[in-house]
Every structure is written in structure tokens, then in C-alpha cells.
Amino acid sequence: MNAPETIPPQPRPSSALGSASSSPDRAWPAAGLARIPYWAYTDPAVYAREQERIFCGRSWNYVCLAAEVPNPGDYKRTFIGDKPVVVTREADGSLHCFENRCAHRGVQFCQKHLGNTKEFICPYHQWTYNLKGDLIGVPFMRGVKQQGGMPADFKRENHGLRTLLVAERNGVVFASFAEGMEPLADYIGPALLPLYDRVFDGRELEVLGYQRQLIPANWKLMFENIKDPYHATLLHVFLVSFGLFRADQPSAVRMDATGRHGALISWRANAPAAAEAEVKDIRSMTQLKLIDPTLLQPEREYPEFTVVMTTLWPNIIVQQQSNTLAMRHLITRGPEAFELAWTYFGYKGEPAELRAKRLRQANLMGPSGFVSMDDSEVMKFSQDSIRAYPQYEGVMEMGGRDWKDEPHMVTEGVIRGFYDYYRKTMDL
Amino acid sequence: MDYQTLSPRDLRAEVELLYADYAETLNDEAFEAWPAFFTERAFYQITSRENHERGLPIGLMRCESRGMIEDRVVAIRQTAVYGPRSIRRLVSGLRLHGWSENAPGEPPTLKATASYLAVETLPDELTRVFNAGKYIDQLQVEAGTLRFASRLCVYDTLLIPNTLVYPL
Chain A
1 MNAPETIPPQ
11 PRPSSALGSA
21 SSSPDRAWPA
31 AGLARIPYWA
41 YTDPAVYARE
51 QERIFCGRSW
61 NYVCLAAEVP
71 NPGDYKRTFI
81 GDKPVVVTRE
91 ADGSLHCFEN
101 RCAHRGVQFC
111 QKHLGNTKEF
121 ICPYHQWTYN
131 LKGDLIGVPF
141 MRGVKQQGGM
151 PADFKRENHG
161 LRTLLVAERN
171 GVVFASFAEG
181 MEPLADYIGP
191 ALLPLYDRVF
201 DGRELEVLGY
211 QRQLIPANWK
221 LMFENIKDPY
231 HATLLHVFLV
241 SFGLFRADQP
251 SAVRMDATGR
261 HGALISWRAN
271 APAAAEAEVK
281 DIRSMTQLKL
291 IDPTLLQPER
301 EYPEFTVVMT
311 TLWPNIIVQQ
321 QSNTLAMRHL
331 ITRGPEAFEL
341 AWTYFGYKGE
351 PAELRAKRLR
361 QANLMGPSGF
371 VSMDDSEVMK
381 FSQDSIRAYP
391 QYEGVMEMGG
401 RDWKDEPHMV
411 TEGVIRGFYD
421 YYRKTMDL
Chain B
429 MDYQTLSPRD
439 LRAEVELLYA
449 DYAETLNDEA
459 FEAWPAFFTE
469 RAFYQITSRE
479 NHERGLPIGL
489 MRCESRGMIE
499 DRVVAIRQTA
509 VYGPRSIRRL
519 VSGLRLHGWS
529 ENAPGEPPTL
539 KATASYLAVE
549 TLPDELTRVF
559 NAGKYIDQLQ
569 VEAGTLRFAS
579 RLCVYDTLLI
589 PNTLVYPL
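Residue numbers (the working numbering), protein chains in the order written: chain A, 1 to 428; chain B, 429 to 596.
Be a bit skeptical, because a hint or two may be false.
[What the hints assert, rightly or not] DEER-style ranges, computed between Cβ atoms: (1) B:541 to A:356: 23 to 29 Å; (2) B:560 to A:356: 28 to 34 Å; (3) A:170 to B:553: 41 to 47 Å; (4) A:197 to B:457: 31 to 37 Å; (5) A:303 to B:545: 32 to 38 Å; (6) B:530 to A:258: 56 to 62 Å; (7) B:560 to A:291: 47 to 53 Å.
In short, the hints are calculated from the structure, not lab data.
We put the CB at the ideal spot given by N, CA and C, even for glycine.
Can you build the whole structure from these sequences, using the hints too?
And the structure:
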């Protein structure tokens, strides 16, 4: 068979992220936000549209902590939804983010989670990019001995890596595939920004370690879990048995104007200022007793609240549970699985005693956490039957059928707020 | 028994027996017997290789005393909510790295390492590789018997398949 003389024009995608694959033929239940259809957790077409409109849409996605890339040349390999990206720090200190996809043949050129480099060289044909993602080298571009090479009109500047917008606020780095995003502070909004700034108050952060788990469930179940205070005293026997949380404890839920971000807030009644008094308070409610009580001796670090769990659309949970601080980053792996990447941190130069408390209290969190373990297991239990019965709907009526801030935790309103924004974004 | 005067062959046999007992205890889910493998001030941690090699202190389970190890058992038995499972740990490649003296009043420490492989069986799924890694251990004689003064389980498996409920 002879090769054609000329190559017919190739169809070009209308945008870098355009895709015709994501047209779910679905109708949301008539009951609105009081119901969540099970197909939202399983349908590949819904998942494809989520990638396009949510993670690659008008959103600021968490990518890393600035403390992970402190020096020029430092990079972090990470994901937005299921899209591999790289975050770099340039010689001038600026942060950059681009697709981890060689512009030549699609090779994922960066393979290490963290590192330091002067440039990225794709191993396949050694196309070379600088820390901003510009293409700076193409081997044999002008051919070898006057033979071969790229066409005369081939220009390196037309073949750089696809770059993303980057924003940083007090040590946390976000990126967006969209153009012309509003400033990060406006995106988080005035209701939640003070909660963000109480943990990220400008002090330098220090990474204390990572945990990664692959949860066999749809990513939205994770957000629902952290937006659901109703389950906290029911599922988490550990919290109740050791007197860490009770349903009558002072608490609140707060959302931004769109419903996409939310926060679960609680604090200890008559919260004593001194750590010692706080511990006594815990013990008085205790049914089970720890053999080594040092595990649960929190120290009051922030004013007002002892626990604030913040969910920021679309891919990050900020955990401040007593003295454990962590970013829980959702990385989607198809409709029925997601990676939950935990980055624990503290503040640079903090007292050793406080650092030790963070490490001990981390026993409550992560894939082996006395509390978080329950959540991961229950998400699997959910997905296992949702998969089998796609025709049904989840009931979401605790605390009403709409969503608003509440001075209590007996509500699923934060989940309804999330789905209100989700439905608009997804046109579902 | 004076473990320090044992021949290398006899000492190795003792440590192999300890590792076999430890794995069998956990494989049989006899968790109440697990804390007795540790000294009173023992340190036990499961952590990823990426944390370990970077010197990052966070792990999956962190016990800073035998008391915390006992508390972990209470949580597994009484408070944690999880589905049924079996975890089987296979240990091989034991290597002893010799005794080292400690501060006065502190017994000497025997360093040992071994590879482990843990497979998991869930009710509706085939048995799968769950976690693979290396034990990095410090052994001490306490109450006349060899115990773990420190056991680090450093895993290669970056991604934990959902949860790690039972210890390694």
C-alpha cells in the first residue's frame, strides 16, 4: 500500500479541553436537591463531563503546598481530576504549572513525585522544556546532514507545554485550566476566607509526611462525607467512646454564596483556655479509657473553634482537627475510584511539644485512622451497592430540602449546597 | 537466656522464631497477644518509603509506647467500623545486624531487618497483594525474652488499597 502524497487536514479540537464524549443522557430527579441519583456516582459520561466542566472548568484546583517546592528548580508531580500536571518554581521564585504531557507525542515526561531540575527532558525524543513549560530544545530540528528535520515553518514557541493559571495564598498553591479566573480570595469568598486564613495565616508551613490511599468509590462520596456532620457521632464510635464529640456539642455549618465550598465547625463547650482543663473535660465524658492518654491531649491553637473541616471546590479538604493539620487532595481515577492524597503539615519552628501532638493525633486520620478509617470503609460499602442499583436515589432531607448556614450539625444542607452548584456546572 | 552470648546460628534461630510467632499472632487475628511482643517504651510505626527516605515523621499507625499499641487493639476490637477481611503476612530475608550498647541502665539493642508481604482477602474479591515492605527492627531483652523496642514497617506500596485496619 502506498502512502498518500499529502496528509489531509486533521480535525482540530475547538479548545484544548473540548470533548464530545461527555453528553450524559440523564435527568436529575424531580425532587431536586433532596435526592441524589445513583448514576451520578457510576456513569462514565457523567465522569467525563465532570473532568471537562469541573476540574478543567472554571475552578481553582489545589496542586501543592509552597513548602513542597521551596527552591528554584523544585517541582511537584500532581493531578487535577485525573489530569497529570507539574508544578515548578522558577529561578525568580515564581510558581508555574503545566500539563505533564510532552507536546510531541504525549509522553508523561515527569515521573517523580518531587524533585529538583533545571529543565524537563522528555525521554522519548528529548524534547526539552524550561521550568515555565517553554519548548527550548528539539533534537535534529534542522535535520542531520541536510536531511530530514522539521518543516521550515516549525517554530518551537508554538509547541510549548499547555500551561495553567497559578495562584498562591499563604503557602497553598492552586491552578486552573480556565482563562481569566477571578482572584483566589474572591473564589473562596468572604464567608470561608477567614476559616482558610486562620490555618494559613502566613506562617511558613512544614510538610510532616504523606499518606496515599485508593478508595474504591466515586470522588463525590468523599466530599459528601466531609460535608455531612450528621454521621459524625453515629458512625465514629471512637469519637463518642472517648468523649471527643457529641451531638449536643456547639457546632455550625457554613457555606459560600454558591454552595460549592463548605465548612463544618465545632468547639468544646465552655472551652477552657488551658490545655490541661481541656483534657479533663474530655476524660469526664469518657466511657472507654486510653491506656496511654498522651494520644488525646490536644492543645488549643486557634481562637474560637477546635475543629474546622473545610471543603473547597473541586478537589481539596482542609483538615484542622484539634492539632492535626492536613490537606486531603482528591485525585479522580474513573467514576468508581479516587486517590486520596494526604499531606500533613505544621508550622516551621513550632515547639517540639506541639509537633509531637500533631504526630500522635494523626493516628485518628488517614487509611488507618481511628476516625477516617470508618469513612473510607463506608464509602466502599456505598459504592458497592450503588453500582448494583443505578436506578435508585439517595435521600438527602436531614435539616430540610434547601441549603443555608446553620448553628448546629443535624443537617445535610452542606451536601445540598454542593449539589446545587454541581448541577448548574454540569447542566444536570 | 543470655541472648548476647548465643552463637550467631542460635541467635538467628531465636529471632526467626520471634518473627514467626509475631506473624502468626497477627495472621490469626489474636490482637490481644500483639502488645506483648513489644517493650514497655516501644516505638511502632507503619510508614511509606517516601516518608521514611525523606525523614518525614508521619506514618499510618504511630505508637509511642506499649500502652498506645494496646489502645490500637481496643480501637480495632471495639470502635473501628470496617468490613470483614483476612490479612496474611509472609516474612522472609531476615538479616541480623549485630548488637549495640546503649546508655547505662538501658539494655543493648539487636538490629534486624526483613522483607514482608501482606496479602488481603475481602469477601467478594480475589486475594490480592495488599502491602509490601521492610521491617526495620530494634530488639531488646525485657523480662527475659526478646521483644521489639522499635518496629518500623516501611512499605513500598505507595497507595494503600482503601484502609489498613490491622497492623503489619
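Violated hints, by number in ascending order, as checked against the structure: 4, 5, 7
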